[in-house]
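A.B. asks: Protein chains in written order, with our numbering: chain A, 1 to 257; chain B, 1 to 396; chain C, 1 to 413.
One thing to keep in mind: the hints can contain errors.
To be verified - Distance condition first, Cα-Cα at most 30 Å in a straight line; then the derived DSS-like pairs of lysine-lysine: (1) Lys18/C <-> Lys155/A; (2) Lys205/C <-> Lys150/A; (3) Lys309/B <-> Lys107/C; (4) Lys215/C <-> Lys155/A; (5) Lys214/A <-> Lys85/A; (6) Lys205/C <-> Lys111/A; (7) Lys155/A <-> Lys205/C; (8) Lys215/C <-> Lys205/C; (9) Lys9/C <-> Lys186/C; (10) Lys214/A <-> Lys175/A; (11) Lys131/B <-> Lys18/C.
Since the hints were made in silico from the structure, they are not lab data.
As a plain string of letters, each chain reads:
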Amino acid sequence: MTVDVLSFARAVAAGQIRVVDLTQTLSQDFPTIVLPPELGQCAPFRMEEISRYDERGPAWYWNNISLGEHTGTHFDAPIHWISGKDLPDNAVDTIDVAKFIAPAVVIDCSKECAADPDFALTIAFVEAWEARHGKIEPGHWVLLRSDWSKQDFTKYANLRDDGAHTPGPAPEVVKWFVEARDVHGFGTETIGTDLGQGHHFNPPFPAHFYMHGKGRFGLQCLTNLDQLPPKGAVIFAAPLKIKQGSGSPLRVLALVS
Amino acid sequence: MAQGARDKSSGRQSYDGVVACLPVTIPYRRYSTNTAQWWLGRALRELTTRANLRPADIDGLAVSSFTLAPDTAIGLTQHFGVSPRWLDHIPFGGASGIVALRRAARAVQAGDAEIVACIAGDTNHVDSFRKTLSNFSRFAQDAVYPYGAGGANASFALITKNYMNQYGAKREDFAKLCIAQRDNALAIPFAMMKKKLTLDEYMAARPIADPVHLFDCVMPCAGAEGLLVCREDVAKSLTLPYVRVLSIIERHNAFTSDPIQTRGGWAVDIAELWSMAGLKPDAVDFVQTYDDYPVIVMMQLEDLGFCTKGEGPDFVRSHTFTNDGSFPQNTSGGQLSVGQAGAAGGLLGLVEAVRQLIGAPLGTPVRDARSCVVSGFGMINYDRGLSSGAAIIARA
Amino acid sequence: MSEPLQRPKRKNPLQRTKHPLSPPGVRSRTAHGLTAAAAEGRFALQVCEDCKTVIYPPRDCCPSCLSARLPFRDVERGGVLVAETAVQVSADPYFRERTPWRVGTVKLDAGPLIVAHLHADALEGYRVRLDLKLDKSGSAVVMALPERDTPNMADDPHLREMTCDPKFRRVLITDGRTPVGQAMAKAFAEAGAAIVFVGIADPWKPVPGFEALRKIGPVEIVPLDLTDSESVSEQAEQNGARIDIIVNTAEHVRSGGIVDRHGLTTVREQIDIRYLGLVRLAQAFGPVLRARGADGANAAAAFVNLVSVHALMNWPAYGSYSAAEAACLSAAQCMRTELRPGGIKVMNVFFGPLETEWFQTVPPPKLAPSALARAVVRGLQQGLEDVFVGDIAEDIRARLAVNPKALERELAS
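Chain A extracted, bound-state conformation (with noise of 0.2 Å):
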């Protein structure tokens, strides 16, 4: 079957195919990973205005930005991660980038979120989602919805005296995805594919051991992820093509027919 690409623009530029924007805003306000103040710290978004108009540059505005490979929502590669560092094609520049458009699914756990900031995703909840919508077929994101990108900057962060309390999943999910699923990836609304209290599991931040170790992509501080059907939305996400880069800030968008 050949599929034609024009046909497929066509219906985009006429609004059957609906484009959802998985995307935060750049900004100074928003949150960004704290990790123990004696460790190296993921640069915060920064703005410096180069002119606006003015004496610095007459016709022109423009700015230089300053950020991480991690700041925002961002794209995770395997090489981000140990278990990862050594798989071929694994920083942002060598993925082959056909995979950077890929099917979705999305499963809805927000009300469980908002009764437990420290919700954990189990195979259990993930076997009995599948029962409503199908099996989840090999070669797709699987998208954590928390409805968390919906609160204000603090409970978004969500620190407390012994750090952030966020949802995610746990450890035997995250193998699961990998071996039972053969998943495309993870993506999450919240700071980090993994829980907030991720660092106490067994391995630490399970989501990012065992996807990039076995190669496989993470997305965070994704948003309207409600407006996704369980099933059928497909992303593209493509990275910065950043020398030997562990990661982006990115566009994500899901096309929903």
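Got chain A; can you put chains B and C on it based on the hints?
C.D. replies: For chains B and C alone, coordinates are given in the frame of chain A:
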């Protein structure tokens, strides 16, 4: 004293044979867009014209001015086209006139110059006063101007306050001097102050820096004064009426241990002034004091020997100072009435004294004027006037 | 008796803001020996090395023995006010709008006669105590104070021209997250500040001590992130016109040097928070502070920089920190000149290791944040420009004055 003779007490050579002549005033103006070079040029021209001399005949030049910058006397030689063999720039403010006379006298005695023109003058632009204040001296820059920028007015206010506290002088005493001087100026056409001054007006005048009020202060203006100094035979050959120079004293930075100035340098050498002249204070017919402020006039009455220190107030109360009074003083009104044309104020008293003694005053004459003490004072470098000088001159 | 200062009324927004003027500030090089003393709150005059005469006005040759060895030394401040005057008419625009202005002649016990500004309670014929102060031109002047403190002494309007007293003024503490920032807010509240704005960055991160901070009466928490140009300009736009004193409490302390450090992220953060943060504050707040230097009784007065004493000499154990602090010191010196036309003082407060977490392993003596805060308030009350707080800071300064190269070697161990 015979020429070449020395005064017994000081060992100083006499001024025999030295005369001053040709008193010249370029009428004062409150503000002038002309330069100091212009004003001094007027004075030099008036001197040469009235003496029937060419500029080349002037072989000695003494210049005093506050607003000549960036020139000094040397710039004026080329500016005026003169080639003197004796040149002096005398920056001692109100003492410059007396000092110029003293320098010129020795030059003509020694034959180093024949005819010395002593000229002093300043312009007055609208910002001259402020600019002069802020560049007056290093100590003024560092230790006076930053303290209220009241200029000399504030410095002399402190001196006046202290003198009043110490010797019981009252504002009414200063008023008497100012009022008499104003009377003496009424006949001077170019005087800045043209009306009689009453006691009420003086007392109610605007305060400038307590206790100094408006009529204790001179009015800055533009103008110039000049005279010629030469030997007696030269004056005669020029058929110019002249006065004889009997004695001159000069002293700078005297009495350094006085906490606040209550006496000027005259008090150090005053006996010498009188002994070299062979006169006593009661013998002179009139006095020209340097009157930047009436308190300084009062100090000069003491320090020149007319009364003792602290008796100034009493002396003022018991004398009258108009030209027909018991003690004619500042007979053309002094700077307090005619105005202070910068450095010309240092020559004004001498020029007026010469006029009275040769019988050609601009204003009212002093009857039977035969001799006069002329005093100069100036340069409040920090907190006191540093320069002082006095001369006794007599009718020929 | 000084009239106690009343809390200023709200400014009429339709009234033109008075433009700052400067009193005569030109001084000879030697006279700036007084400026150096005034900057630190010392009373020092030239004392001839050879004949011990105490000399004033400053000069290059002793008036007793003609010696040229005339160093500035601390001398006794007492004397008698012999005569006073009130200048009613002045040639200078600054003084012209501040008459009557009292000055007087003081006979100092140590010898010289000094023409000085007079505090309202310094009376003719009585003993006085002299102080060297930096006036609005930034040059030193002598001020005669009453021999003993009098009630409301700091409120004398002429003295207030020379100082940056926080009383009734509105202050911005740029970073309230740290113990230093919070101690500073408390100290300024106690010093009578009308408002203490406290900047907090990243409000989504918990702020230890926030509740106690919020409860301090004049405190108003405002968003302020010194690493974000937009945040700084926004704060300046909102509150700049009603901030009279800024205290930059931003800090970034990490141990470690340059060669043996791995990577640039920490160093970049240091430069961003400390040096670039200072530049952002200068650009956003500088112009409005400068324009408001003569804006009534609570006119804009000062910019306070908290700077490690190791800005003056690098401490390799905290080597990259020292370098960033040095950048701040140089920037502050530039700001001093740029803000002077508004009569705004830039006060650098130098300190050694603090009793805070990032100096944990450093042995005592260390400075408590509250002591630093009190020193800042005192420095502003006296109108100082260079303040050294605590034993280490004073020790470093003393050693620098004698042999900087020896100090450089000593700090290496």
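A.B. asks: Give a verdict on every hint.
C.D. replies: Checked hints:
no., hint, verdict
1, Lys18/C <-> Lys155/A, "violated (47 Å)"
2, Lys205/C <-> Lys150/A, "holds (18 Å)"
3, Lys309/B <-> Lys107/C, "holds (22 Å)"
4, Lys215/C <-> Lys155/A, "holds (23 Å)"
5, Lys214/A <-> Lys85/A, "holds (10 Å)"
6, Lys205/C <-> Lys111/A, "holds (25 Å)"
7, Lys155/A <-> Lys205/C, "holds (10 Å)"
8, Lys215/C <-> Lys205/C, "holds (19 Å)"
9, Lys9/C <-> Lys186/C, "holds (24 Å)"
10, Lys214/A <-> Lys175/A, "holds (10 Å)"
11, Lys131/B <-> Lys18/C, "holds (25 Å)"
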